[in-house]
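Student: Listed here are the chains, written in short residue letters.
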Amino acid sequence: MADRIIKGHVGIGPKVTGEALVASDNFSARYDLNRVDGVFSRPTHKLVGQNYVGKVLVLNIAKGGVATAWMLREMAAREMVPLALLLNFANPIMAQGAAFGDVSLIDRFDVDITGAIQTGEQVTVDPETGTVAVHG
Amino acid sequence: MVKLNEEEQAMLAGEFGEPRRLSMEHIQKVGNFFDAEDLVEVSQVHLMADTESTGEAGIEYLEMLGTYPEEERRVRVPTVTDPLGCDFAKAERINHPEEFIALERRLTNAFLDLGILITQTCINYQTILPPVLGEHLAYGDTGSSIYANSVMGGRTNFQGGPSALAAALTGRVPRYGFHLDERRRGTNLWELQCRPESLSDWGAAGAIIGRAQGSYWEVPVITGVDGSPNSDELKQFGAAMASFGSTPLFHMVGVTPEAPDLASVFDGPPPAATPISQADIDDLYRSYQPDDDKLDVVVFAAPQLSLVEMQQVGLLLRDRNVHADVTVLAATSPEIKAACDRMGITEMIEASGAVVLEGVCFYQMHAREIGEANGWRRLMSNSAKIVNILGGYGYEPVLGTTEHCIDSAVAGRIV
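If you're matching them up, the sequences are chains A and B in order. Per the working numbering, residue 1 is the first one in the first sequence, and the count goes up by one each step. Per the working numbering, residue 1001 is the first one in the second sequence, and the count goes up by one each step.
If you're looking for bench data, these hints aren't it; they were derived computationally from the structure. Quick caveat: nothing in here was measured; it's all calculated off a predicted structure. Glycine residues also receive a C-beta, built at the ideal position from the N, C-alpha and C atoms. Heads up, some of the hints might be wrong.
Said to hold, decoys possible - Where chain A lies over chain B, by a calculated footprint (3+ residues, C-beta under 8 Å):
| id | stretch |
| --- | --- |
| 1 | 1219 to 1231 |
| 2 | 1391 to 1403 |
Stated by the list, open to error - Take a look, some chain B residues computed to stay more than 12 Å from chain A by CB distance:
| id | residue |
| --- | --- |
| 3 | E1041 |
| 4 | I1094 |
| 5 | L1165 |
| 6 | A1273 |
| 7 | L1316 |
Sequences and hints are given; from them, build the entire structure.
Tutor: So this is what it looks like as structure tokens:
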């Protein structure tokens, strides 16, 4: 049973449930991650040192370059990929990467998504309806 | 749902073969995500595909497409590549790991099978097929996209590798974002209160603006530029803005083609301008200032250097020697490299001990592993874009002017 439902735009990828990892910071797979070890590596990122593998990443906006469009599939193939991405604003690169890598993605929420979910909470991400259910 | 015309529906139904069916399926997913009403034809594609990004999974996808008959797998519009991840001729010199070299060869062969022109450049707008005003494109590098949109008035979203590939195979992209007039209007205003003097100053100014952008959909407008910057200055300015901000378009009043004046880019009164002073630019440099003067590697790349930039590096290195403890790398496109060879610029650079790299860009060539293989940690560059990227790769990046970078490389420490 969900504690609360958060509405966003219809997304991409499968319906999944997992643990949230949240920060009021931005996201690029190339700029921010050590994709070999599965941790945030950008020294100035608020999640630096944290393991992202299998987590529902909840961040502000997509930043940086175009590499993420290829990288999400490559990371998925090595089982070093986040379970889902929830962003206030994605960019085309995140959408393209999610579509190519079959990674769940929702953006454009009714609220600031980084303030609506806490790290460690269990969430169900349903891109088909554009909703996120937060479980108590 | 994005509307498809008869030909596009046939592609989606597989009537033009599996590669085009997969591509149309991908285009439809992305188009629906961004509420695109229909698709738009593109006239050229710039495809980003270094093996660090594609990984083996991406190469396997390309190789799979290559197994189909030629009429089903060949690209439909001229398609050129971004830099690849390895300069085979210099791989040994820079200790490029063998496993990545093998991946690069597979990727190159896969591109050839699809009819892709392996141009290996991110400055295709300077050297290959410059876009023209209003031309719809599928550009796959942030630096080439922002330059094509802003300086040339072309129309593209960031088309990452898989989407650029889909555009190449179908000749289509979803019509959303910067293909639409209404998305190209200014959303915030900046006033340059000083004239950036060097390429790195232009990069720093672009970085300041890019960092402040709230999303991909923001369009900064810049005033206060007295006299047009040249192509290399705008290249550094745009590449840094795009890198720090995920920003695909800016307007510079009196300089770029869609911004003859403020009224042309804002609906109604423009917003208050945010000033950029020399002190702001100095602060950006200071944010990349190290605690000591150690130096391992100096990189000129991101974007690849033009012929004029290569000549400048050559003249600054002429009759000087790079210190034994420092490596200097200068990356350019194959076309420019050939011109440099012909004009003696390559020889002028390499006589100092510096290395000219062809068809690559440093951050796209397994920078983490190369850094570890060579013991490089402290990196200096005149590219704001590259110092923004490489912190996450374990480097300690330092931003400096071209002259400062070369004087430091010769001294063996940051001077």
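Student: Please go over all the hints and tell whether each is borne out by the structure.
Tutor: A quick look at each hint next to the structure:
Here the stretch 1219 to 1231 of chain B counts 0 residues with a CB under 8 Å from a CB of chain A, which misses the bar of 3, and the coverage is violated. Check on the stretch 1391 to 1403 of chain B: 4 of its residues sit with their Cβ under 8 Å from a Cβ of chain A, so the three-residue criterion for coverage holds. No beta-carbon of chain A is positioned within 12 Å of the beta-carbon of E1041/B; the least distance is around 18 Å. Non-interface status of I1094/B relative to chain A is upheld: no Cβ of that chain comes within 12 Å, the nearest being about 20 Å off.
The beta carbon of L1165/B is not kept farther than 12 Å from every beta carbon of chain A, the shortest such distance being approximately 9 Å. A cut-off of 12 Å between C-beta atoms confirms that A1273/B is not in contact with chain A; the least separation is 23 Å. Every CB of chain A lies more than 12 Å from the CB of L1316/B, the least distance being 28 Å, so the non-interface label holds.
When held up to the earlier numbered hints, the structure conflicts with 1, 5 and fits the remainder.
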